[in-house]
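Here is how the chains run, residue by residue.
There are 2 protein chains.
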Amino acid sequence: MPSAARKSQERDRASMEPPPADDYAKERYGVLPLIQSQEKSDRVLVRINDLTVEKTDEVVWVRGRIHTSRAKGKQCFLVLRQQQFNVQALVAVGDHASKQMVKFAANINKESIVDVEGVVRKVHQKIGGCTQQDVELHVQRIYVISLAEPRLPLQLDDAVRAEVEGEEEGRATVNQDTRLDNRVIDLRTCTSQAVFHLQSGICQLFRETLIHKGFVEIQTPKIISAPSEGGANVFTISYFKSSAYLAQSPQLYKQMCICADFEKVFCIGPVFRAEDSNTHRHLTEFVGLDIEMAFNYHYHEVVDEIADTLVQIFKGLQERFQTEILTVNKQFPCEPFKFLEPTLRLEYREALAMLREAGVEMGDEDDLRYIHIVGM
Amino acid sequence: MPSAARKSQERDRASMEPPPADDYAKERYGVLPLIQSQEKSDRVLVRINDLTVEKTDEVVWVRGRIHTSRAKGKQCFLVLRQQQFNVQALVAVGDHASKQMVKFAANINKESIVDVEGVVRKVHQKIGGCTQQDVELHVQRIYVISLAEPRLPLQLDDAVRAEVEGEEEGRATVNQDTRLDNRVIDLRTCTSQAVFHLQSGICQLFRETLIHKGFVEIQTPKIISAPSEGGANVFTISYFKSSAYLAQSPQLYKQMCICADFEKVFCIGPVFRAEDSNTHRHLTEFVGLDIEMAFNYHYHEVVDEIADTLVQIFKGLQERFQTEILTVNKQFPCEPFKFLEPTLRLEYREALAMLREAGVEMGDEDDLRYIHIVGM
Numbered sequence: 011m012p013s014a015a016r017k018s019q020e021r022d023r024a025s026m027e028p029p030p031a032d033d034y035a036k037e038r039y040g041v042l043p044l045i046q047s048q049e050k051s052d053r054v055l056v057r058i059n060d061l062t063v064e065k066t067d068e069v070v071w072v073r074g075r076i077h078t079s080r081a082k083g084k085q086c087f088l089v090l091r092q093q094q095f096n097v098q099a100l101v102a103v104g105d106h107a108s109k110q111m112v113k114f115a116a117n118i119n120k121e122s123i124v125d126v127e128g129v130v131r132k133v134h135q136k137i138g139g140c141t142q143q144d145v146e147l148h149v150q151r152i153y154v155i156s157l158a159e160p161r162l163p164l165q166l167d168d169a170v171r172a173e174v175e176g177e178e179e180g181r182a183t184v185n186q187d188t189r190l191d192n193r194v195i196d197l198r199t200c201t202s203q204a205v206f207h208l209q210s211g212i213c214q215l216f217r218e219t220l221i222h223k224g225f226v227e228i229q230t231p232k233i234i235s236a237p238s239e240g241g242a243n244v245f246t247i248s249y250f251k252s253s254a255y256l257a258q259s260p261q262l263y264k265q266m267c268i269c270a271d272f273e274k275v276f277c278i279g280p281v282f283r284a285e286d287s288n289t290h291r292h293l294t295e296f297v298g299l300d301i302e303m304a305f306n307y308h309y310h311e312v313v314d315e316i317a318d319t320l321v322q323i324f325k326g327l328q329e330r331f332q333t334e335i336l337t338v339n340k341q342f343p344c345e346p347f348k349f350l351e352p353t354l355r356l357e358y359r360e361a362l363a364m365l366r367e368a369g370v371e372m373g374d375e376d377d378l379r380y381i382h383i384v385g386m
Numbered sequence: 011m012p013s014a015a016r017k018s019q020e021r022d023r024a025s026m027e028p029p030p031a032d033d034y035a036k037e038r039y040g041v042l043p044l045i046q047s048q049e050k051s052d053r054v055l056v057r058i059n060d061l062t063v064e065k066t067d068e069v070v071w072v073r074g075r076i077h078t079s080r081a082k083g084k085q086c087f088l089v090l091r092q093q094q095f096n097v098q099a100l101v102a103v104g105d106h107a108s109k110q111m112v113k114f115a116a117n118i119n120k121e122s123i124v125d126v127e128g129v130v131r132k133v134h135q136k137i138g139g140c141t142q143q144d145v146e147l148h149v150q151r152i153y154v155i156s157l158a159e160p161r162l163p164l165q166l167d168d169a170v171r172a173e174v175e176g177e178e179e180g181r182a183t184v185n186q187d188t189r190l191d192n193r194v195i196d197l198r199t200c201t202s203q204a205v206f207h208l209q210s211g212i213c214q215l216f217r218e219t220l221i222h223k224g225f226v227e228i229q230t231p232k233i234i235s236a237p238s239e240g241g242a243n244v245f246t247i248s249y250f251k252s253s254a255y256l257a258q259s260p261q262l263y264k265q266m267c268i269c270a271d272f273e274k275v276f277c278i279g280p281v282f283r284a285e286d287s288n289t290h291r292h293l294t295e296f297v298g299l300d301i302e303m304a305f306n307y308h309y310h311e312v313v314d315e316i317a318d319t320l321v322q323i324f325k326g327l328q329e330r331f332q333t334e335i336l337t338v339n340k341q342f343p344c345e346p347f348k349f350l351e352p353t354l355r356l357e358y359r360e361a362l363a364m365l366r367e368a369g370v371e372m373g374d375e376d377d378l379r380y381i382h383i384v385g386m
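If you're matching them up, the sequences are chains A and B in order. The opening position of the first sequence corresponds to residue 11 in our numbering, with each subsequent residue numbered one higher. The opening position of the second sequence corresponds to residue 11 in our numbering, with each subsequent residue numbered one higher.
Simulated from the structure, these hints should not be mistaken for lab results. Do not rely on the hints blindly, as some may be mistaken.
Same chains, same label: a pair holds when it works inside one copy or across any pair of copies.
[Claimed, not checked] Computed list of lysine to aspartate or glutamate pairs in EDC-like fashion (alpha-carbon distance at most 16 Å, straight line): (1) 264 with 329; (2) 50 with 311; (3) 251 with 285.
Everything numeric in this text was worked out from a predicted model, so none of it was measured.
Take these sequences, add in the hints, and give me the full structure.
Shown next, in the form of structure tokens:
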């Protein structure tokens, strides 16, 4: 840790007053020193996602971030968050907590990481704002593990607000620049967590499906000695006393594998395009999901495999990533995605006829990719 | 296909004489025109690996390469190859094959792709040179799909010969330059096929194990705006009117994910090092298998996960890739690899003591990585 950051954190830790000596709960809360692998603990931390009614009346330890905090008389309601999941925790004056302890809990900055010991209690009314709706934690101990800055550049609740809602009600949203300048905080939102899980899931479904079909995954070179596809749109690297180029696609290497009898290969990896265009179809770097296969008699054998692979990905997303899809939908509302199994297959002439029937004027050999611009 | 290559192939096709009109088997062999997705075939091609005694007396179609060919009187023995697998095929003068047909089969250049129709016959003596040792194919039809050049820059059998054996018996091996200059042919050897399957397998085992442990796979940027680790050994890219750099590791992005509560992430992808050193420890580009995780109390939690991940990879290789390991071992003989479960864990001081006991002289803080040079 750079010393400036360390000093800042030490100052923050010091800013939280230590428990007064006459507090009967003084051992039950406080700011712990920085964890430095000094000792091995056999404490079992329970995942927030696992806090369900089956655990009612159990005493558990949980590590999470303070998502929200609301003090109310002799009580403080915290929401503890762990990735996409959160649970309500109650610190209330009583045998385990003193007035000072409730005040301490209420003063912990949002986004701080805390260790909490608490009893799992079933609630009579579902807790709407949390993913763990049927239980809450009655806190017996609370320790700050890592204290967040008191003022954050963005609020997580603002960052997940659906834009329509924000505009309608005049509530705060977070603009793109603020998000990108504070990417680490923006990535903590349930939406970002879900997006990354979906991205990982899509690659995994692509990979599982293809390996099951007998494909071999390959890794192809990115630094190449000559532009591989014409020469336009290629990035030049200074390569010692010479020049080299960034691969615009794994095409050549995939085809070499086919000539080398691999029969079916795929790769997932970065490709590079030196296209100085700012459209949603141009990126200088993106992750390509690439297939190459030999066919025996007709290229439709390849079309069949690609179509089925897409169906398997869609099905896998529906079956295994419903939680993530719903999370993203909250911020970005949309209709559930639909697909056909097997995939719809149109002859080129059929597609042209349908487009013309829909009022699109186009020549027999125009590029179909641009059709969506006119509303298809 | 470039026109020179096309002409060369047309010339090759023409060089094989068409069946004479008075040949009773004339419909049963020949050179087929280039497949151009003209028609869809409902012919089922059987995989060579599936040619087992269960298929005895069945008539099957197989597409494979001519691996070797040996004419002997009225018979021609072919070995047909598909990736790591091969089977013996017999063309013998009789009801299905004429003298001309046997001659035609004997004259097909090695590495040509053929479609063969044949009856699966159980053999009385195991066929030592083939992976399919219990059956052979009695050929009823044989057609050339793609004709190879008559003289190849390297022979596959030479390329898989164990070097020791070659030296001892004075038999041909293939040097590195010839292999790299003809990579597509070298990749067809059973050893290369096995190496690529193992490589794909290692990545898949790494990934499966980590996903099972709750890790999320991420893709990190390769083009970055500033050197990420000091600045030495970084490749500079000309990025439109400015400069950019190739990422030396996914480190920064993995750590961002940890700060963003991902808890456990991994990535598999290329990293770039501008190191102008020709040693087996320096490569300008390699595929990194990277892990990053948060720990709760002690860094040994991370050490445990890494150790177990390695064990799972070793076990997976032993259980699922035995064929590939044996194939590689034929060319590169070595003892079976060993590992402990759980992995051996040494304290640094214990390791130093063991080294000194073994006669290695080193200071308390010397770099352990160089120890293998002195024979450990």
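Results for each hint:
In this assembly of identical chains, the alpha carbons of residue 264 and residue 329 never lie at most 16 Å apart, being 31 Å within a copy and 28 Å across copies at closest. Only between protomers do residue 50 and residue 311 lie at most 16 Å apart by alpha-carbon distance; the minimum there is 9 Å, versus 57 Å within a single protomer. For the homomeric pair residue 251 and residue 285, the shortest alpha-carbon distance between copies (12 Å) is at most 16 Å, but the shortest distance inside one copy (26 Å) is not.
Hint check: a violation occurs at hint 1 only; the rest are consistent with the structure.
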